[in-house]
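Trainee: Residue numbers (the numbering used here), protein chains in the order written: chain A, 1 to 462; chain B, 1 to 462; chain C, 1 to 462; chain D, 1 to 462.
Some hints here could point you the wrong way.
Stated by the list, open to error - Covered stretches of chain B, going by a simulated chain D footprint (3 or more residues, C-beta under 8 Å):
hint, stretch
1, 255-266
2, 276-290
Stated by the list, open to error - With a cut-off of at most 25 Å between alpha-carbon atoms, the simulated DSS-like pairs for lysine-lysine come out as follows:
hint, chain 1, residue 1, chain 2, residue 2
3, D, Lys358, C, Lys180
4, A, Lys10, B, Lys362
5, C, Lys11, D, Lys390
6, D, Lys399, B, Lys350
7, B, Lys361, A, Lys390
8, B, Lys399, A, Lys10
9, A, Lys184, B, Lys180
10, C, Lys180, D, Lys184
11, B, Lys399, D, Lys358
12, B, Lys28, C, Lys400
13, D, Lys188, C, Lys188
14, C, Lys362, D, Lys11
15, D, Lys450, C, Lys399
16, A, Lys95, A, Lys131
17, D, Lys214, C, Lys455
18, B, Lys362, A, Lys180
19, A, Lys390, C, Lys350
20, C, Lys11, D, Lys399
21, A, Lys361, C, Lys362
22, D, Lys390, C, Lys10
23, D, Lys376, D, Lys428
24, C, Lys455, A, Lys399
25, A, Lys350, C, Lys400
26, C, Lys188, B, Lys29
27, B, Lys350, A, Lys214
28, C, Lys144, A, Lys358
29, A, Lys188, B, Lys447
30, A, Lys144, A, Lys32
31, A, Lys214, B, Lys362
32, D, Lys399, C, Lys184
33, A, Lys220, B, Lys350
34, D, Lys399, C, Lys10
35, D, Lys377, C, Lys47
36, B, Lys29, C, Lys29
37, C, Lys350, C, Lys377
38, B, Lys10, A, Lys180
39, D, Lys11, C, Lys377
40, C, Lys220, D, Lys188
Hints were generated in silico from the structure; no laboratory data involved.
Fair warning: this is a prediction, and the values are worked out from it, not measured in the lab.
All C-beta atoms, glycine included, are put in the ideal place defined by N, C-alpha and C.
There are 4 protein chains.
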Amino acid sequence: MKKLWGGRFKKEISEIMQVFVSSIAFDKKLAKFDILGSIAHAGMLGKTKIITMDESDKITQTLKDILSEIEAGNLAVDSQSEDIHTWVENKLNEKIGDMSGKLHTARSRNDQIALDERMYLKEEIIEIEKKLDSLQRVLLAVAKNNLGVIMPGYTHLQHAQPVLFSHHMLAYFYKFNRDKDRLKDLYKRVDVMPLGSAALAGTSYPIDRECVAKELSFSKISENSLDSVSDRDFIIEFLSASSIIMLHLSRFSEELILWSSQEFNFIELDDSFCTGSSIMPQKKNPDAAELIRGKTGKVFGNLITLLTVMKALPLAYNHDMQEDKEPLFNTVWILKNCLIIMSGMIETFKVNSGAMRKGLKKDFSNATELADYLVKKGLAFREAHQVVGKIVLYCIEQKKTIEELSIQDLQEYHVLFKEDVLNILSPKAVVDSKMSEGGTSTLNVEKAIKEAEEKLNYNINW
Amino acid sequence: MKKLWGGRFKKEISEIMQVFVSSIAFDKKLAKFDILGSIAHAGMLGKTKIITMDESDKITQTLKDILSEIEAGNLAVDSQSEDIHTWVENKLNEKIGDMSGKLHTARSRNDQIALDERMYLKEEIIEIEKKLDSLQRVLLAVAKNNLGVIMPGYTHLQHAQPVLFSHHMLAYFYKFNRDKDRLKDLYKRVDVMPLGSAALAGTSYPIDRECVAKELSFSKISENSLDSVSDRDFIIEFLSASSIIMLHLSRFSEELILWSSQEFNFIELDDSFCTGSSIMPQKKNPDAAELIRGKTGKVFGNLITLLTVMKALPLAYNHDMQEDKEPLFNTVWILKNCLIIMSGMIETFKVNSGAMRKGLKKDFSNATELADYLVKKGLAFREAHQVVGKIVLYCIEQKKTIEELSIQDLQEYHVLFKEDVLNILSPKAVVDSKMSEGGTSTLNVEKAIKEAEEKLNYNINW
Amino acid sequence: MKKLWGGRFKKEISEIMQVFVSSIAFDKKLAKFDILGSIAHAGMLGKTKIITMDESDKITQTLKDILSEIEAGNLAVDSQSEDIHTWVENKLNEKIGDMSGKLHTARSRNDQIALDERMYLKEEIIEIEKKLDSLQRVLLAVAKNNLGVIMPGYTHLQHAQPVLFSHHMLAYFYKFNRDKDRLKDLYKRVDVMPLGSAALAGTSYPIDRECVAKELSFSKISENSLDSVSDRDFIIEFLSASSIIMLHLSRFSEELILWSSQEFNFIELDDSFCTGSSIMPQKKNPDAAELIRGKTGKVFGNLITLLTVMKALPLAYNHDMQEDKEPLFNTVWILKNCLIIMSGMIETFKVNSGAMRKGLKKDFSNATELADYLVKKGLAFREAHQVVGKIVLYCIEQKKTIEELSIQDLQEYHVLFKEDVLNILSPKAVVDSKMSEGGTSTLNVEKAIKEAEEKLNYNINW
Amino acid sequence: MKKLWGGRFKKEISEIMQVFVSSIAFDKKLAKFDILGSIAHAGMLGKTKIITMDESDKITQTLKDILSEIEAGNLAVDSQSEDIHTWVENKLNEKIGDMSGKLHTARSRNDQIALDERMYLKEEIIEIEKKLDSLQRVLLAVAKNNLGVIMPGYTHLQHAQPVLFSHHMLAYFYKFNRDKDRLKDLYKRVDVMPLGSAALAGTSYPIDRECVAKELSFSKISENSLDSVSDRDFIIEFLSASSIIMLHLSRFSEELILWSSQEFNFIELDDSFCTGSSIMPQKKNPDAAELIRGKTGKVFGNLITLLTVMKALPLAYNHDMQEDKEPLFNTVWILKNCLIIMSGMIETFKVNSGAMRKGLKKDFSNATELADYLVKKGLAFREAHQVVGKIVLYCIEQKKTIEELSIQDLQEYHVLFKEDVLNILSPKAVVDSKMSEGGTSTLNVEKAIKEAEEKLNYNINW
């Protein structure tokens, strides 16, 4: 394979270096974008008369042919090339001879790789947004279909207060919504066209960068050539946002795993997202959820990789930056698959509302309500809290629930207790009392579902 | 110290737990925000008649007094308290007795701490934006004052092409500009009012969350109580953006350290940002730059800390989340100081343009220009690249510079070389030829400085 | 405060730099070791006649006085000093005047800080080993006291096979045992005396490094001065080993939290390691376990901090390395406290064997045993696994346990089932069948406890 | 492809799950070890009469055939299988039918994968040790061949004191020596045989684990089944040690990059480890060193990945743990290649002693020596330091070197200066004065090289 350099060298690079320096195994993923970028570049070189229109046409047409061949599956990227740019130029050379050498006029691999990565990432961000959208739709559907289901709400993994299962689903809806916002914000910083920065200083050819940007659907061009080829902020920011998405997925996975345990038994995952054991015939394991939780570590690792790589690098391009691709591509792969699988799991699990209801018995999760009752009768909250704490302790020792106490029992703890207290203690009553905005009452949740649906439909054309 | 809980417990927590569980050493930083939040909350409780207007007035007034005392330096947060919320409520209790117990009506420490952190972070983000702004102004001033200075531009730490020193300064200007954009974007997600989510489910009191939000200058209220108390995205996103800021600072620091070395000698840092050696009397070390570079590791570590802490936590609040404060406060401290110190270093260093000029001799950084010359005469770039590569190799072997070759020498490599080639080889000529948008020509850089100044002035009222 | 350098400088360092560069807030922890190291150094300077015996005696005696004052609480490290070395030398100067200037002969702060850190870490490693030892003793006691208790053993958080609760406790015993081995191994690499490397190149004074090493109880001296002052491997290795310890503690904590949930209810943590809620009177939260789990993130962050700091630093000392102290000291603090608290939690929890027993009903965790039964009768394991898989599916559909099936029912699935199959299905029978080395049978576990006790007693004199 | 489970399932896993859950793409690397482990297991099953000797022989012989086919390149692992264990068992089934089902008696994939990974890692650790050894030999050779070369020694990247270039090479020798020690220490913890732990609880078959351990050359068997299948400490510890190796390589790479810059020009890297630029014909970039420095980030990321994955996982096996393979295999690949390439670079670079010598002029790196001169004449070190600091400042202002000062000039700063001071100021004199153990004098370095050679030869049989 011909290299794009070498006149000044007396010796070939060593064989092991050849393997080590090569990025082709990863950046072949960029073939499409590299070619599209080259087509736009060649077109512009023609329009600005840096090369002739004939040359320009010949080059762009041949590049289009190469792309078609690849997309038809008739041409595979050769893993012997140093990188994707070299491969494309060599391929062009095979077809049109030395004229291929005109393509690299007024550009460098330094601005070219930045272009390819930005084009790739723009496309993938939109894919990921769509998958987040789908997951949100699944959450809304599940929330709608289970509106009556009450579950124990937890803090510190202890029963705290009853909540609607749908409210819990919506909590994740909002987390993923922030993720989409973050992606939209960072998209602006990806959507910047670097080509024309050349190696580091710009070029003396009368190029037209705005024309290339327009051709490739970029919103703006980069403003400083040195910054442009030394910058990988846009990838790091994407890896950061991805880490938060995975964080959300890991928390959801953790809950699915807990809920699938014999002890919780809140849901049953569908067979299609579980596997068995090679030794224990009874096992049905929540593998999909575990794998998503595990992949979280990989994405955090990818983020740390690129932060470490870029730390303290002097301007402009350094070869260390080649290490940006593996973390980027791997993270995109993980995100897309995890989002699809999470949607599938949520869509197909069975909700065991009976087990949730049973869990609410004897759990004292109505204790706050009891304290609030006293407050509404005039007690200071601190004092009410103390009183109810003692009632709970008494119940535990007597192995009773609060509901099983008589009004007389309660009155021994405070005279403000009246008969009406009995109406407020059921899980349903507790849930529906939480009318504050964002609270878990059925009315609130119904309203939230409606608004969320509208939000999704509005977003659809982003 | 009185705790905010305990009725249900038979035993005190162990002494070592007392130390371990306490967050007061960190969250005393939040005293101001905790009190302001409580004032707004108490005001709302009065307006909605959940407590009487008298109670509300009494509580808010006393809280204001406490805040004044703290700000006057007459009251210090007691490190024996479990946390800042407990301390404030105890302080209130000392002053107004049991009525203090009414303040905690309709809220929990879970939504309260989220509120405090968001108020704190909103204030600090604006501080950091201002410091980024100042640093950018310094960069512009330095760029303006050194417009004629040409330095070697580097890729792979090898001389690549000459660039204006001012162009290099502007590269950082744009990096910090993206940092500001990121902060602005994430600010929207910090600027969400969580109070009223209570422990996890909302509350049954007829609270008015919009009123509290308005009082505390929040743009919107959180939409789901479970999400609201389990969410630390806003801190992680801040730590991510901070990591990128530190990345930029670490790269700049690395360059300042390189440039201060005897070998480069491109700048001299001011004595006020250097220290000496306890053993070597001649030493003047670029400590400030080294420390900033070192602090980068700390901020990356802070990011990994919180990502790890939050991974796979089930909803809603878990005590692990207390570990968010140290990384947050520490990162804010580091950022603010590093930005101030970087500004100081840049503002006071001496630029040694002579050493830069000398570095451009014999470095062949005009070789690309020579290749482009041939291209403009009609050669394909690939071929021109090969020709010039051979010329460079010849010069190295003959210990000559390209400028020292005669036109005859050059013509032996290619007939297209004519007398006019001699005009394009000086660093100044090379620099000024780079007229493409974002390139390093003097005209471009002058324009860029003007535009950057306007950008800064426009931003001032954010 | 006097600095240890400055003759060559024309200007003071800027005020903010003073704060930023100062490490005294952290390294005051090293005061004791700095002084002990200086005493040994001064003693050696006297013996080798580099200073007079009188000077040596005066200096060492005064340093001892200073140390006594500190230890008696009569002298506090002044936070205005640049670092601990400067503070000690200034203190000495106050007491004996200019003779104090002789102490710094033949050494530098570069080798001095390396010495201090190594002395500190040697002491702390032994402390941590002791705390690991105590935790192991607690585990053994709990294992011994609960020998009859059978619990569900989990994989994928699904019931897999019944195991002895004591076997589970011993699993952690062995994890912590590996941790101790790791600490012992790395101790060898901490126990190397760096003083005498001076700034980076050694010294021209006729010092005696072996004498200092012996005085300070080091096993060997460092072999290369450049390596010696540029090396922080010993801290990184300690942070790595600490990360694994925290990993183990986080897994144990996760289990304690799960087991404390209403759903599992396997244990009850003692009140002394729990706290309550400011709003929900019934709450008793497993805070200690959550905090330990959370601190894990901090230690991982500390590790990443130092790895990032040290990455790509040229030799020898760079100021970035000052960032090693906070992660080191913080990690030591966390480890010691987490180990004490974990011991306390384990020692005091109540084991609810009834809940565990109940959990084993209907969980099919004897299914492997059933398959093994068929294998022992001659079936290939793969086939047996299939047969039992079908039996389990049938039971789930019929809402039966395997024990509830008649021998006829079983024989419909395979003719090899005979009456004797009924004896092997109880949790106790399943557990005690696991006689392979390291397996969970009661006999094995009793033996393991005995061996573990001997191992601990043998180790005691390390 | 047949699965090793499924009787209990009513539905196939979804297609995307099939891709997601599969680990075959990575663990095909383990084929050899999986088969060797199975051979040992089957042999033991025969000896203990759990299966018949005939069955045992048939199975082991067929497995050996499969291994031979793979090694001969006639059989490739099929990427459709769920994992390597499934693939091997299916392959066996194709050849011997249902008898293959007997192989999985008394084991689980949980203990099997732990076995495979440990066998793999044992082999690779020895490979890495050998490569570290080779690198050390290269360092010694370079140290020996350049004994007379003096270079500026740096702290804070400022000239500090002159050192022998060979001394600098030896500094890395010792760093890599510690790395080897670490690997040796952790090898003990890898060298533990887990098979027989079965799924988590051990097995009821009368297996002989010591026999398997012996067959597979393990030093000991694991002591607790639950610990054994839940443990990945040995991989994390390896990744930690690898991170430190990469840290050392990154520091060395940084120096090679610096030294290759036009400004330093201390070495010239061989063409075989450099590449050029697609646009700048003169460029020769230190790619190999940059790539090694970059790969450091990847290894740190791998460490963080596995730490994050394992954090807070309850016992015993969880599917998250599948994420251990990619970081492990990738790290091994990186380490081996980086070590080979670093050896190659060092072996072939040209040392430019002239540039180093030139660098020592005017750098005041003999200032410490001058201060020590005064001390030896009786001045306190602190005072001497001040005096020399002033001399340096004077020289800078006068643009003179210390050597250019007359004895009268010096005496104006202190009367103790005598004629003999002129003998101690040359780089050679300064270097050779550093006679303290571990110091940079020629005598010391010669001795160190000899000892290092002996150390390597002694180690060879490890």
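Trainee: Each hint should be assessed against the structure and marked as holding or not.
Mentor: The hints, checked one at a time:
Restraint check on the stretch 255-266 of chain B versus chain D: 7 residues with Cβ-Cβ distances below 8 Å, three needed, restraint holds. Chain D is given as covering the stretch 276-290 of chain B, and this holds because 13 residues of the stretch bring a CB closer than 8 Å to a CB of that chain, at least three being needed. Pair hint Lys358/D plus Lys180/C does not hold up; C-alpha atoms about 52 Å apart against a cutoff of 25 Å. Annotation: proposed proximity of Lys10/A to Lys362/B holds, straight-line Cα distance about 20 Å (limit 25 Å).
Of the pairs offered as hints, the one joining Lys11/C and Lys390/D holds, with about 13 Å between alpha carbons and a cut-off of 25 Å not exceeded. A threshold of 25 Å between alpha carbons decides the hint, and for Lys399/D with Lys350/B the separation of about 17 Å falls inside it, so the pair holds. A hinted pair counts as satisfied when its Cα atoms are at most 25 Å apart, and Lys361/B with Lys390/A does not qualify at roughly 86 Å. Distance check on the hinted pair: Lys399/B and Lys10/A sit about 16 Å apart at the alpha-carbon level, within 25 Å; holds.
Restraint check for Lys184/A and Lys180/B: satisfied, since their Cα atoms lie roughly 16 Å apart, inside the 25 Å limit. Among the hinted pairs, Lys180/C with Lys184/D is consistent with the structure: their alpha-carbon atoms are about 16 Å apart, no more than 25 Å. Taken as a hint, the Lys399/B and Lys358/D pair is honoured in the structure, with Cα atoms around 18 Å apart against an allowance of 25 Å. Using a Cα cut-off of 25 Å, the hinted pair Lys28/B and Lys400/C is violated, with the two alpha carbons roughly 58 Å apart.
Under the criterion of a C-alpha separation no larger than 25 Å, the hint pairing Lys188/D with Lys188/C is consistent with the structure, at around 16 Å. Taken as a hint, the Lys362/C and Lys11/D pair is honoured in the structure, with Cα atoms around 22 Å apart against an allowance of 25 Å. At roughly 78 Å between alpha-carbon atoms, Lys450/D and Lys399/C are farther apart than 25 Å, so this suggested pair is violated. With a C-alpha separation of about 40 Å, the suggested pair Lys95/A and Lys131/A falls outside the 25 Å cut-off, and the hint is violated.
Taken as a hint, the Lys214/D and Lys455/C pair is honoured in the structure, with Cα atoms around 24 Å apart against an allowance of 25 Å. For the proposed pair Lys362/B and Lys180/A, the alpha carbon gap of about 52 Å is over 25 Å, so the pair is violated. Pair hint Lys390/A plus Lys350/C holds up; C-alpha atoms about 22 Å apart against a cutoff of 25 Å. For the given pair, Lys11/C sits about 20 Å from Lys399/D by alpha-carbon distance, which is consistent with the 25 Å threshold.
Distance restraint check for Lys361/A and Lys362/C: the Cα-Cα separation of roughly 22 Å lies within the 25 Å cut-off, and the hinted pair is therefore satisfied. Taking the CA atoms of Lys390/D and Lys10/C, the gap is near 10 Å; set against the 25 Å cutoff, the hint holds. Distance restraint check for Lys376/D and Lys428/D: the Cα-Cα separation of roughly 20 Å lies within the 25 Å cut-off, and the hinted pair is therefore satisfied. At roughly 44 Å between alpha-carbon atoms, Lys455/C and Lys399/A are farther apart than 25 Å, so this suggested pair is violated.
Taken as a hint, the Lys350/A and Lys400/C pair is honoured in the structure, with Cα atoms around 20 Å apart against an allowance of 25 Å. With a C-alpha separation of about 42 Å, the suggested pairing of Lys188/C with Lys29/B is violated against the 25 Å cut-off. Distance check on the hinted pair: Lys350/B and Lys214/A sit about 42 Å apart at the alpha-carbon level, beyond 25 Å; violated. The straight-line distance between the Cα atoms of Lys144/C and Lys358/A is roughly 35 Å, outside the 25 Å bound, and the hint therefore fails.
For the suggested pair Lys188/A and Lys447/B, the alpha carbons sit about 24 Å apart, so the restraint of at most 25 Å is met. Of the supplied pair hints, the one linking Lys144/A and Lys32/A is violated, its CA atoms being roughly 42 Å apart against a limit of 25 Å. Straight-line distance between C-alpha atoms of Lys214/A and Lys362/B comes to about 40 Å, which puts the hinted pair past the 25 Å bound. For the proposed pair Lys399/D and Lys184/C, the alpha carbon gap of about 55 Å is over 25 Å, so the pair is violated.
Between the alpha carbons of Lys220/A and Lys350/B the distance comes to roughly 36 Å, so the proposed pair goes past 25 Å and is violated. For the given pair, Lys399/D sits about 16 Å from Lys10/C by alpha-carbon distance, which is consistent with the 25 Å threshold. The hinted pair formed by Lys377/D and Lys47/C meets the criterion: a straight-line CA distance of about 18 Å does not exceed 25 Å. With a CA separation close to 24 Å, the supplied pair Lys29/B and Lys29/C stays within the 25 Å bound.
The suggested pairing of Lys350/C with Lys377/C is violated, with an alpha-carbon distance near 42 Å, which exceeds 25 Å. For the suggested pair Lys10/B and Lys180/A, the alpha carbons sit about 47 Å apart, so the restraint of at most 25 Å is broken. Between Lys11/D and Lys377/C the alpha-carbon distance is near 30 Å, which puts this suggested pair outside the 25 Å criterion. A hinted pair counts as satisfied when its Cα atoms are at most 25 Å apart, and Lys220/C with Lys188/D qualifies at roughly 24 Å.
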